[in-house]
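**Q** Letter by letter, the chains look like this.
Protein chains: 2
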Amino acid sequence: MTDMKNDLLLRALLRQPTERTPVWMMRQAGRYLPEYRATRAKAGSFLAMCMNPEYACEVTIQPLDRYPLDAAILFSDILTIPHAMDLDLTFEAGEGPRIGKPVRSAADVDRLFVPDPARELKYVVDAVALIRRELAGRVPLIGFAGSPWTVGTYMVEGGGSKNFAHIKGMMYDAPDTLHRMLDIVTRATTAYLNAQIEAGAQAVMVFDTWGGALSPRRYLEFSLDYMARIVDGLIREREGRRVPVILFTKGGGEWLDHMAETGCDALGVDWTMDLADARTLTGGRVALQGNLDPCVLYASPEVIRDEVGRVLASFGHGHGHVFNLGHGIHPDIDPGRVSAMLAAVHELSPQYHR
Amino acid sequence: MTDMKNDLLLRALLRQPTERTPVWMMRQAGRYLPEYRATRAKAGSFLAMCMNPEYACEVTIQPLDRYPLDAAILFSDILTIPHAMDLDLTFEAGEGPRIGKPVRSAADVDRLFVPDPARELKYVVDAVALIRRELAGRVPLIGFAGSPWTVGTYMVEGGGSKNFAHIKGMMYDAPDTLHRMLDIVTRATTAYLNAQIEAGAQAVMVFDTWGGALSPRRYLEFSLDYMARIVDGLIREREGRRVPVILFTKGGGEWLDHMAETGCDALGVDWTMDLADARTLTGGRVALQGNLDPCVLYASPEVIRDEVGRVLASFGHGHGHVFNLGHGIHPDIDPGRVSAMLAAVHELSPQYHR
Chain W
1002 MTDMKNDLLL
1012 RALLRQPTER
1022 TPVWMMRQAG
1032 RYLPEYRATR
1042 AKAGSFLAMC
1052 MNPEYACEVT
1062 IQPLDRYPLD
1072 AAILFSDILT
1082 IPHAMDLDLT
1092 FEAGEGPRIG
1102 KPVRSAADVD
1112 RLFVPDPARE
1122 LKYVVDAVAL
1132 IRRELAGRVP
1142 LIGFAGSPWT
1152 VGTYMVEGGG
1162 SKNFAHIKGM
1172 MYDAPDTLHR
1182 MLDIVTRATT
1192 AYLNAQIEAG
1202 AQAVMVFDTW
1212 GGALSPRRYL
1222 EFSLDYMARI
1232 VDGLIREREG
1242 RRVPVILFTK
1252 GGGEWLDHMA
1262 ETGCDALGVD
1272 WTMDLADART
1282 LTGGRVALQG
1292 NLDPCVLYAS
1302 PEVIRDEVGR
1312 VLASFGHGHG
1322 HVFNLGHGIH
1332 PDIDPGRVSA
1342 MLAAVHELSP
1352 QYHR
Chain C
1002 MTDMKNDLLL
1012 RALLRQPTER
1022 TPVWMMRQAG
1032 RYLPEYRATR
1042 AKAGSFLAMC
1052 MNPEYACEVT
1062 IQPLDRYPLD
1072 AAILFSDILT
1082 IPHAMDLDLT
1092 FEAGEGPRIG
1102 KPVRSAADVD
1112 RLFVPDPARE
1122 LKYVVDAVAL
1132 IRRELAGRVP
1142 LIGFAGSPWT
1152 VGTYMVEGGG
1162 SKNFAHIKGM
1172 MYDAPDTLHR
1182 MLDIVTRATT
1192 AYLNAQIEAG
1202 AQAVMVFDTW
1212 GGALSPRRYL
1222 EFSLDYMARI
1232 VDGLIREREG
1242 RRVPVILFTK
1252 GGGEWLDHMA
1262 ETGCDALGVD
1272 WTMDLADART
1282 LTGGRVALQG
1292 NLDPCVLYAS
1302 PEVIRDEVGR
1312 VLASFGHGHG
1322 HVFNLGHGIH
1332 PDIDPGRVSA
1342 MLAAVHELSP
1352 QYHR
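Chains as they are written, first to last, in my numbering: chain W, 1002 to 1355; chain C, 1002 to 1355.
In case anyone wonders, no lab produced these hints; they're calculated from the structure.
Treat the hints with care, since some could be wrong.
Put simply, identical chains are the same to the list, so a pair is met inside one copy or across any two.
[Unchecked claim] Quick list of in silico lysine-lysine cross-link-like pairs, DSS-like style, CA-CA up to 30 Å:
hint	residue 1	residue 2
1	K1123	K1163
2	K1163	K1006
3	K1251	K1163
4	K1043	K1251
5	K1251	K1123
Since the structure is predicted, the reported quantities are computational estimates derived from the model, not experimental observations.
Bound conformation, chain W alone (with noise of 0.2 Å):
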């Protein structure tokens, strides 16, 4: 680790001393970045600019040019697995992702298979080496993967859904062929996280847009289970030091308890939750990241400035805090508002760290 000039992000998930609270956004790549939006036209296409690797550098730094963020995080997309597991993936402009073979049947789950890190999904890993380069220790690095929930919503539904009809009906009918489906996402999924590790991912983070859809008891049976094998299964070390590991499921807050059982480093709080409840609920057993509502960053910079006063304030003082948005970015944001936010971070935060 001789050669981090920014580790604030690392200690924090670890619950170590730092002398601010580290900052970074979901989604801080993307769609409201002019320079973003330059390279996906030169990419052609949102899956052209995720696999290859040198497109996939180029937005990954791109806010990090612009921004004092404490943290990169790896661009890429949750369904790449699913893609390399040739389920014909597509992303219509406007439309969101497509699946075109939806896993509906046993049958189908049986033509499934964990695809090889190596091989198919090299882009990404090759992705990972080359930022972890041009990074240069610049800050660290995050790698990320869906959930096995989250990514099966997609692989049963054929696409974004609203109620989850088919995955349910799947869940309700025959929970082993949801099952049988979802252990092998989970593995594709370790392999993945653990190849973007050895690539130089220096964390990981685990994204479960959908657990919150269901009810606490199938949660926990569906998606928490997923999740903590996936823990298990990690490198946790690496370059000498620990690699963290955050799980982050959107309207998850009534679990937040049970997340932190699973042997995480730190949960992800969407910002229907105060985080000095999150932290009651989960009593210092692991780092809190988040909490600011994504629609702060349409108000003023003032209001900004207040309202990352209220979600510093909130998490009080010590350490274990890692500010983020309590979802990704939305696309329309002004670009100008983000400076704002990380100002305020910067400007408010030492205070809790004395």
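Keeping the supplied structure of chain W fixed, place chain C upon it in accordance with the hints.
**A** Here is chain C on its own, set in the frame of chain W:
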């Protein structure tokens, strides 16, 4: 109340003894029923069906003729109030509602007015009176409205929304303007619900579909406070009987405690929280309504029976439970599955009332 043949719902909402758990479904009059689709075809459009008391009465009663339900709920829409405010409401097929004149500025709020239920909303009042007459005491009739925050999201966004960019921008940058708008919607909603009660609604429900998109502090300030004002302003006794008020915030499980403080009689609970926990949180102050995942109705009758049993067991022994889905029934549900659900409630609930 001499003409009430089945008042299970009203007793359960007031936590009085019942022989079994009463049951109804949000959106029980809806697209999943072929007879509803036939009436809609006759009416020509969704809005025309809402605005014609005979059609509204017809579809309100259709599910009661098919199923042994314990309540009727007025067929209408939460956007009747912006429609009455002349904001150019339309429903495009498959597109959801559109508000042609969205409320985006202080000047837009200045032009808003409180509709007179006897004039601009006479069609709803007439529908309530007609339905009540046609029901002839079979089951109680529930009236309803959207919460001011939820109705406000459509008024400001100009339709449905994923991110609530406009209304949250207003909330953060011009909170006084938003408060002024919500105050007008609150007065309109209170008058509207009281007109429904005077026309014969025997219980009323306030649907806060989008309160769960707010942070805890903003939820209290911009959604719950206005629902509390509505509760305060409602006629609570009529025909010698209390008129119960039900509040429902989708995704609001964490806030049930605060909701129970409003003076309402019952709270709707979605499926992301166990009723046992909801009961602990609310400490017997209110009845609870819910909370089967609507997707359970995609499953087989055997699974439906098991899941109904789980919901009943989670509430446990004692009175004050109204069985319902945790959200509206999905339009593609097989009507036969509803029968399985109702049979299970009838079969499995009496044991909890002994």
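**Q** Please flag the earlier hints that this structure goes against, numbers listed from lowest up.
**A** 1, 2, 4
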